[in-house]
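All chains, full assembly: derive it from the sequences and hints.
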Amino acid sequence: MNLASLRALFDGPNTRGTSDRFWMAFGLAVFVLLCYPLVASTYAVANAALFLLYAILGLSLCVIWGYCGILSFGQVAFFGVGGYVFGIVGINLADGIGAALGLLAGVGVATLFAFVLGYFMFYGGVRDVYVTIMTLVVALVVHTFMGQTAGSEWAIGEAALGGFDGMTNIPNLAIGGFELIDTAFYYVVLLALLGTYLGLRALVNSDFGRAMVAVREDEERTELLGYDTKRIKLFVFTLGGALAGLSGVLYASWGNYMNPAVFGITFAALPVVWVSVGGRDSLLGAIGATYAIEWFSQQLSITGSEYALVVVGGLLLVTILWLPAGVAPAVADWLSEKQSSPAARGHEEVAD
Amino acid sequence: MTYDTLNLLFQFLDSFAFIVLATVGLAVIFGMMGIINLAHGEFILVGAYGTTLSYGAGLPLVAAMGVGVLVTTVFGLVLERTVIRRLYHRPLDSMVATWGLSLLSIQLARIVFGNTLSQVGTPLGSISYGPFSYSAYRVALAGIAVAVLGGLYWLFMYTEFGTQARATMEDEPTARSMGVDTDRIYLGTFGLGSALAGLTGALYAPTITMTPELGASFLVEAFVTVVVGGSSVLVGTSLAGGFLGVVNATFTNLAGTFIGQVAMLLAAILAIRLLPEGITGLLDSWREKRAEGEQ
Chain A
626 MNLASLRALF DGPNTRGTSD RFWMAFGLAV FVLLCYPLVA STYAVANAAL
676 FLLYAILGLS LCVIWGYCGI LSFGQVAFFG VGGYVFGIVG INLADGIGAA
726 LGLLAGVGVA TLFAFVLGYF MFYGGVRDVY VTIMTLVVAL VVHTFMGQTA
776 GSEWAIGEAA LGGFDGMTNI PNLAIGGFEL IDTAFYYVVL LALLGTYLGL
826 RALVNSDFGR AMVAVREDEE RTELLGYDTK RIKLFVFTLG GALAGLSGVL
876 YASWGNYMNP AVFGITFAAL PVVWVSVGGR DSLLGAIGAT YAIEWFSQQL
926 SITGSEYALV VVGGLLLVTI LWLPAGVAPA VADWLSEKQS SPAARGHEEV
976 AD
Chain B
729 MTYDTLNLLF QFLDSFAFIV LATVGLAVIF GMMGIINLAH GEFILVGAYG
779 TTLSYGAGLP LVAAMGVGVL VTTVFGLVLE RTVIRRLYHR PLDSMVATWG
829 LSLLSIQLAR IVFGNTLSQV GTPLGSISYG PFSYSAYRVA LAGIAVAVLG
879 GLYWLFMYTE FGTQARATME DEPTARSMGV DTDRIYLGTF GLGSALAGLT
929 GALYAPTITM TPELGASFLV EAFVTVVVGG SSVLVGTSLA GGFLGVVNAT
979 FTNLAGTFIG QVAMLLAAIL AIRLLPEGIT GLLDSWREKR AEGEQ
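Residue numbers (this note's numbering), protein chains in the order written: chain A, 626 to 977; chain B, 729 to 1023.
You may find that some hints are simply not true.
[As the list claims (entries may be wrong)] Example chain B residues on the side facing chain A (calculated, C-beta under 10 Å, incomplete):
1) Tyr816
2) Arg818
3) Ser945
4) Val955
5) Ala996
Keep in mind the hints are simulated off the structure, nothing from the lab.
Positions of the beta carbon are idealized from the N, C-alpha and C atoms, including for glycine.
Next comes the structure, spelled out in structure tokens:
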């Protein structure tokens, strides 16, 4: 397989950056991210790892909302379940193999959870705003549940769920006895994000991806053309759950800690903010916005300001009112106008 | 035995009142305007804080509640003019935007008022029966919930505003061409929904802890009821409230708050499976059948 046919896999009408310039900028950005740990402090690298793992959660919403038209407010439910399951397995099977099995179990349970919820919703005829409400309600109900697991009866093996205090002592992710911390963990997250991004690019530009976009544009017409729209929606929703679960596993390993706040309404809003601001049908926009917004929030919190959430909420409001498509499409349009050649469209809005 | 039955009855009244009051503001705005207000919890927050703060400033409780409702109404009217009106006919965007509003309001409340406020005590004492006792205030809330539904029925069925509002909901262009000022109707309806959310906050202020996140504790019940009830504000909300009240009371009584909520959620999923348009849809098809039968 030569380079051109490899690129054909990732290029298509459903993603913006397709020019040579785009791929060169993309390669440069990846190179910068790869070199980042060489020049930055351990603390800065750990923060960057957090923002990059959040970006996977952002992508999980981007693909189901931006490309299939399913607005889920409950991605954090799969994120949290993934993290908690990783913790339960990791704590109980402490040595070596536990963390690797925990990764599989965490992603697996999150995927199953999304599949079951999606099955009942899409095959039960739940649509549009009702799907959105349902997903949010599920996250809030899990929040209530996890909040009341403080007692000692709420322990699975060695792992106490811990109620609002959360689950502590979650082990680090490890491969064959080698613990992934600091720089190694950063590279694993970066690799996972890159894989997710390229995988989703290939997916949305495939035949299946065109069917997904058709469902977003007009579900009834797609169904009349002979597509099984329920199955398409269920597949995409389940995939979104799996990615959110992966992000949750990485999060649990990052902080060695989970608490029910990840199911709460404030955290649930963040993926929606990232994707809305970045541009709901731009994968790279979602990554860039996630990184930028979380970095900014953290900078504000470090200075002792409490205004981070006010700014984030305001940003969401302003985006919906004045830039409903998000930042990345606007940047892409601006760049392509500047070059006045539609073939050379690229968007150099890159994470970091 | 009879005491247990009585206990279940009180539990039902409590659940019914909570569900109806938590939902009614959201239901008016959703049913009339097709907008899901995700900041609904924060409207309740404004009502509760308005009440608690003005009670703390020395007003009698009922007057303080009036202040809570008034403040929330003004809050809602200002938002309608500045934000909500730009989002009519964009249901998903309106949800996302109101969520931004919600984040912003919660955090501003935290910055301005801190993490808690000192509480208004629960008025009216308690009712004792056998081994159980029950807060009389909560029984009064059930009465108020029924009165609110009755009041809305009167408002929508027997006043000029109600007629115009129903016409606008049914067919906006026609209503406008018949001389209805639909812009004013939208403003009024949103104000009404806000006032009702504020009333809920005012009424529950003495019974819940005053934190910036208190709105979230109403959301599960409110959203589930709107989903089950469908777009008909009155009939949908009261029937769904009754149905979910039974489900919630029974399961909360048997196995605690969490199971009560899960049971409501499952009931909602089941209800949507059987009735895609909610209870409203069931009633519509029933009416159609009856109309066909009469012909």
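Evaluated hints:
no.	hint	result
1	Tyr816	13 Å, violated
2	Arg818	8 Å, holds
3	Ser945	9 Å, holds
4	Val955	6 Å, holds
5	Ala996	8 Å, holds
Hint violations for this structure: number 1 only, all remaining hints satisfied.
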